[in-house]
Structure formats: structure tokens, C-alpha cells
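Participant: According to the numbering used here, the first sequence is numbered sequentially starting from 1.
These aren't lab readings, by the way, just hints derived from the structure by calculation.
Fair warning: this is a prediction, and the values are worked out from it, not measured in the lab.
All C-beta atoms, glycine included, are put in the ideal place defined by N, C-alpha and C.
Don't take every hint at face value.
Claimed, not checked - Taking lysine to aspartate or glutamate pairs in the EDC-like style, the calculated list, with each CA pair at most 20 Å apart, reads:
{"id": "1", "residue 1": "Lys-93", "residue 2": "Glu-119"}
{"id": "2", "residue 1": "Lys-573", "residue 2": "Glu-561"}
{"id": "3", "residue 1": "Lys-314", "residue 2": "Asp-194"}
As the list claims (entries may be wrong) - Label pairs and their in silico Cβ distance ranges:
{"id": "4", "residue 1": "Arg-579", "residue 2": "Arg-379", "range": "41 to 47 Å"}
{"id": "5", "residue 1": "Arg-521", "residue 2": "Asp-162", "range": "30 to 36 Å"}
{"id": "6", "residue 1": "Arg-685", "residue 2": "Pro-654", "range": "54 to 60 Å"}
{"id": "7", "residue 1": "Pro-654", "residue 2": "Pro-3", "range": "21 to 27 Å"}
{"id": "8", "residue 1": "Gly-419", "residue 2": "Ala-20", "range": "55 to 61 Å"}
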Amino acid sequence: MEPTYRPEDVEPRWQEAWEAEGLYRAGAGRRRDETFVIAVPPPNVTGALHMGHALNGSLQDVLIRWHRMRGFDTLWQPGYDHAGISTQNVVEKQLVAEGTSRKEIGREAFVERVWRHLEETGRTIMGQYRRLGASLAYDRERFTMDDAYVEAVMRFFVHCWDRGWLYRANRIVNWCPFHETAISDLEVVHEPMDDMLTYARYPFADGSGAITVATVRPATILADVAVAVHPEDGRYRDAVGREVVVPFVERGVPVLADDLVDPEFGTGALKITPGHDPTDFEIGTRHDLPVLTVIGPDGRMNEEAGELAGLSQKEADEAVVAWLRERDRLEKREPHRHNVGTCERCHTRIEPLVSLQWWIAMEEPRKPALAALVERRVRYHPESQHAFAVRSLEEIPDWNVSRQLWWGHQLPIWYCPDGHVTSSWPPPEACGECGSGELERDPDVLDTWFSSALWPYATLGWPEDTEDLRRYYPGHVNSTAREIIRLWVNRMIWTGIELAGDIPFTDVIIHSTVLAPDGRRMSKSLGTGIDPLDTIAEHGADATRYGLLKMSSTQDVRFSEGAVGEGRKLATKLWNVSRLILANTEGAEPDPRPQAVEERWILARLDAARAAVEEAWARFDFAAAVKELYSLTFDDFCDWYAEAIKPRLYGDDPAAAATALAALERLLLLLHPVMPHVTEEIWSRLPARAARLIVSPWPEPDERFASDADALERVRDAAEIARRSGVLVELGADERRILDAVVPSEQLPVNGSREGEVARLRKEVARSEGMLANERFVANAPPEVVEGEREKLARYRRELDALGG
RNA sequence: GGGCGCAUAGCUCAGCGGGAGAGCGCCCGCUUCACACGCGGGAGGUCGCUGGUUCGAUCCCAGCUGCGCCCACCA
């Protein structure tokens, strides 16, 4: 074996081999009937994978590899998402940079352009997953715009139509003036902004005084239809029911009372603009007020704004403020910092606008999903996220599914000249109501999450009743980031139950968010992102996977290169101890028949570690598993076992060689899900391997390993006592031999003193005796705790004895 | 403003009711035939603050302070 382990030479080779040999395919290595299925959260085709994807990929790959090795029929479904607005945003910005625009080239050419853009990014993404060693079923790559997938999306829409869940309504929505589309609440991000708060006087119509209202958007005064105060606000008791005159347009509007008004803010009087503010829209609906619109879809003042038409809002604001100032209606202006909704893709300020959109009524469809969560047929991990998911379903609002974009799935909705609406798929020949053949398709496209919601079963062929669907649905695990629980995961659950007849998975893992080392969010725009490919290039995929798994436990974690470095050390250590064993076991066959105590010990230790590690995988506690694997390899396998058998290996002891190979095999099996490459490379050099490690099972357990295996623990204790006190306690011949091999007695570092150790033990004995003398402790503490304390006391006394204390 | 979470060694984090831990960094000693990405040893912590529960609290409860993420229609 080469003296130095170089991951960059080894890893790509195995990635190619595994895939070429079909070992990434669904069902590879299958030895039992049970399936284990994960559909990867389809990354957006807009760009490359980031550290969060690498972390999530590592988690999922561990689970897939672990189940594959145990003989499950595994399927890890790959693919990507067309990411409607996100992709349109990227391509649109490219066009702007090229001096043209979406509108200039037209819809058809634009969509063509997007497809071309995707060919590259799709390849990049799958290449990154391959380089991480992710054992996805790459032969089954799916895209949410594939023909078959589009078919599923259309059927879903028509299904909702047939169910009566779809409706079209004129409501106030979040409008992005850059993309000129409605977006959902979930696509709005709030950012702090510095505005001016303008206090304007609205005189009473009868000329007796005025009410002052505060607004950050004076231009919307033109669309005011009322002034509202809180019902219990004593200051305005007499004003309610009277009429005030709106500045600039000089229109008389009522003063009304509504408890949505916050009496603490501003003057406690709120101008009501149903056309341009969500709260006002709600108040307007309650009081049956008209809706006026003075701002258009492009964010500028529209023709309703009269002389201000065509101005930007900022210009209009100034014009209105000037008007107020001239007529002494301006009380004051003051700086005001507040959170403003912006488009999550382009960060343009959201314009609340009234527009006609398609909605899904969520009252019915959410119910079975809520039941599945409450009954724990679907469990979120950690538990706190389960509670959040339940709450989200309880409070779920209706879903605005139409977007005024060009890139996406066009709605299967047709209008006839008489205004009838038909939704069917395949496309209808004629209007469902009047039979007219003159149909025009709705130009809008669907919310990108509408298609993502179908991911677990549309990738398996739904709505066709395919063999894949019957075999691999429902799946098992979904692992994803916290922020898309409502956007994606909950929607997969309710649509899965509704369309595919069952929950799509049983366990949802919400993994940690990887922050930049300085604690800020990892983001391209902040320049705080770290490319997983860079980390892989520097330390290897195995090391990167190890590091990310170690970082996966907390809710938010700062990226730590140290954790990756630890992974790299583990890979190197494994390589080196394998060199030791392989160089000294030529001609030997692995044979796990324990002879000496150190052999019984390591085999028992490996069995115990396997149980602990698998239990941690099953709990999705990846960090705990990885920690166990590290100390198993370094402390137990290398520092004690390998050191203990060295003399026998050098002496060509055939029993030591046979057991060493058997023990090494088991160590590799345990480590493979975390570090697949280095383990497979070593495995390939072991004698007479029938199968690749990637599909190899843990050998039948042998209970003989467990017998008398604690002998080596006594050696470790003896070394510890000797190190601290300088006194070597009595040991048996075997134990003496091992101690000499691992820590030759003439080299036993003796820093402590016998007296110091005796003093320490006396203190422990006193503490322990004190506890056991405490009647309330003995009476109240659990029996095993009391028993444990008695055992500790006995051990301290024995050690004291051995030291002659 | 609401929800969730975090405050433990210089750094990144485990532990979560009965002896303060790991990795990195730092200091000392080791060119011993697997490995200096190593081996052996060591220094370094009133476990954020204040109360409470308990025989006993880093661990449970309450409040406070600081921080992070998610969510949110205060004009």
C-alpha cells in the first residue's frame, strides 16, 4: 500500500466504479424485501450546490448506504427543480446584462433561452453530488419540467378543480414590480428600511378641525377611501361617523372604527387604502368600502392617479408632500425605520396590489395531513419542528397558485369568448359549458412549489399506476432545511395522501443550518459562502462528509474546517493502521475466532460500537455516531488493539493475523456510510473479497466475543494508575504482556506520586461513603444509581488497597 | 411583535440530576521498523447572571442579559 493516502487519487475512481457497476441503482445489493426510499430535495437548477446541500446529501447518503449494506431495496431519487421565479430571475438578469430584456425577446424565445441555461447547471449539480460520493440512483434523474412530470402537474391541477378546491378571486396579493407577478407570503422576505413617516391633516368636511394620520407612502393618499380609528380610542370617539376630506383629491370619506387599528402607532388614526395595503384591504372588506388603485403592475402611478400618472412612487410622494405643505396640511415628517416586505429573489420592494388570482382552498385538503402528523404517522425530527409543522397546518391560509411568469407550468385553464372557464387535461377541444371551440389558455404559470409538492410520487410515474410507484411508494425519510417546512414538506404530505393515497414518508429530518465561520449566514451576496467542492478538493469527500455530519446536531452551526480536518485525520489513520495489518498478514485469511484477550476485547468492542452507531443512525443523531466512530478508531482500534498485537504480528503469529483481518473488516463496515471511499479502497486490498464493501453486510455476530472481554479494560486501568501514582498494580500474565506491548513499563510516564493518587482516592472514598450514608439518597435515588455508587466505592477501595493506602 | 434554539477550556462543540469532556490551538518530551495528518504527557473552566425545586443542579423550573435562525399586514 502506498505510504501516503491521497483522497484525490482514490475518491473519483470509486465514484466512477460504483456507478459503472450499477451499485448506485435502486435495489443494488438487495437481500430482503423491505424498501428504503429517500427522494432528494430537488435543488434549484439556478446554480451550484452549497454547503447546506452537501450537509443534507451526507446525511441522506449515510442512511441510504447503511440500509443498502443491510440488504434493503434502496432508492435514493435524484433530480432538480425548475424553480420558476428563481430561474426566471437569473435568466432575466442575464438578458438585462446583455442589453436586452424578457419583453423584448418575447415569451417563446425567453423560455427557449431558459432551457439552454438549464442544460449546463443541471450537469453541474449532479457532478457535485457525484463528487461528494452521494450514491443517488443517477439513472433515474428527474426534472419537474420533464414531459411525464408536466403530465402529473396538470392532473394535480385538474384534480383540485374537480374537487372544487380551486377558485379565482380578486384579492390583495404581494406583487413584485420587477418580475411583474404575484408571489406568496412565503416568498416575501422582510428587510429593515429607512423611510419618512408623513403626518397629514384630513380636515372634517364641515370645516371644524381635522384628524391627523401618519403614513410612509403619501402617494397612496390618492386611493384613500376612509380613515379608521380604534373603537375604544377615546380621542376620536366623536369623530367616528363623520366625514373627512382626503388631501390632494379633495374627496369626502367616512371616519370609522375597527379594532385592527393600533391606537399606539402614530396618531392612532389610520388612512384606509384597500387597493394598496393588506390591512386596509381587510378593513375595507369588512366595511364594504370601494377599492381604488393608483399604482400599476410596474410599480408606477397609473392613469387613475390623474396628474401624477406615470410618476414613480417616490416622485408622487414628493408631489403629495409638496401639496400638503403648500396648504398647511403637513403636520410633520420624521424618519422611520421599519421592516418592509421584499421579493426574496430580487429584493424589490413588494407592492401590495389587488389582482385576480387562482387559489386553492386549504380547509379540506389539509385535514388528513394534520391527522397524519398528530397521530405521528409522519414524525418531524427534532420534536420542536414537529410542533411547528402541526401549527402551520392548523393555521394554513389558502394557497395562491397562479404566477404571472413565463417560466413554469402553464395553468390548464381555458376561457371561451363568453367568459366560461374550463379546466381539463388533456387540453379540451371545446368550452365545457357552451361548446365553443374558441378557447384561450390562461397565460399564467403555477407556483413552483405546486409541482415540487408532487416530487415523491411524480418521480415514480404517478399518475400512471407504475410498478415503481407500487414498489417504492410510500417512501421513508425526507431530509431538508427548516425554512421549507411549509413551502414544501407539508404540501408533499397532503398532496401525497390526496393523490397517491398515502403519506409520502414517515420521518422528516430538519437538519442544521450551516453558518459561515463568523456566525453570519452563508450567502453569495455577503461573500460568506464556502464552496463544498473547495473543501472536497482540499481534504477529500470522506473528510468533508465526516465534518458535515459532525456539524449536523444543533439547530444552527458555524462551519468548522477543524471538523473536516478531523475527518481527514480519521481517513489517514485508517489508511495507516490498514497498512500495518496488511503488511503483516500476507497469506492469512480473516478468521474471527478470538484467542487472546485483546482479540476478544476488540471484537466485542466492535460489536458494541456497531450497536451504538446503528442506534444513533436510527435516531438520526449523526453527530453522536460519528463521535463514536472516531474514538473507536483512534482510542480502541489503533492505540490499544493495534499496539497490543504488534509484537505478535511482527512474529508472524497466524492467529493474530487472522483476527486482525476480521477486526479490520468490521471497522471498515462500520465506517463505510460516513467515509465510503477510503474504506472501499482498503477493502479492495483485503484478501479474497467476494463483493464490494458498498453492498456488503455485517457478518453474523458471534457471542463468544463478549466473554471475558473486560480483561483489557483492567490493563487500561492499570496503566492509568501507574501513570498517576508510579505504582504498578498486580496483573495476570496476558495482561502484563499487553501492557508491555502498549506501554512498556520502563517508559510508563510517571508524573504523579503515590501519595497524590492515594489522596485523590481517599477523597473519592469519602465522597462516596458520604452519599451512601445519606438515608434520603439511598431511599430516593433509583436503585441502579445507588448500586452504581456502591460499585464505585468498592473500586476506589480496591485501588487504594493496590497502592497500599 | 411571535415561534424555536443557543450561552460549558483561547476556538468549534459534546454532556443534560450524583466523579467537568472531545477535537483544534498552546506548552513539554519523543527521527522506536502503520501513521509527525503521528505517539506520550501537560497547562487551561466559580459550566452567562439571579432566584427556585431537590439530600444533591452545568443538567429541572422561573426571571434577567446577550446571541442566532425562522416567521410576521403595525400604517
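Participant: Does each hint hold? Answer for all of them.
Facilitator: Now for the hints, and whether the structure bears them out:
Note on Lys-93 and Glu-119: the hinted pairing holds, with a Cα-Cα distance of about 18 Å set against a maximum of 20 Å. Straight-line distance between C-alpha atoms of Lys-573 and Glu-561 comes to about 18 Å, which keeps the hinted pair within the 20 Å bound. For the given pair, Lys-314 sits about 14 Å from Asp-194 by alpha-carbon distance, which is consistent with the 20 Å threshold. Remark: the range hint 41 to 47 Å for Arg-579 to Arg-379 is upheld by a beta-carbon distance near 44 Å.
Distance hint for Arg-521 and Asp-162: a CB-CB separation of about 43 Å, inconsistent with the stated range 30 to 36 Å. Between Arg-685 and Pro-654 the beta carbon distance is about 19 Å. The supplied range of 54 to 60 Å is therefore violated. A beta carbon spacing of about 26 Å between Pro-654 and Pro-3 agrees with the range 21 to 27 Å that was offered as a hint. Checked against the hint of 55 to 61 Å, the pair Gly-419 and Ala-20 passes, with Cβ atoms roughly 59 Å apart.
When held up to the earlier numbered hints, the structure conflicts with 5 and 6 and fits the remainder.
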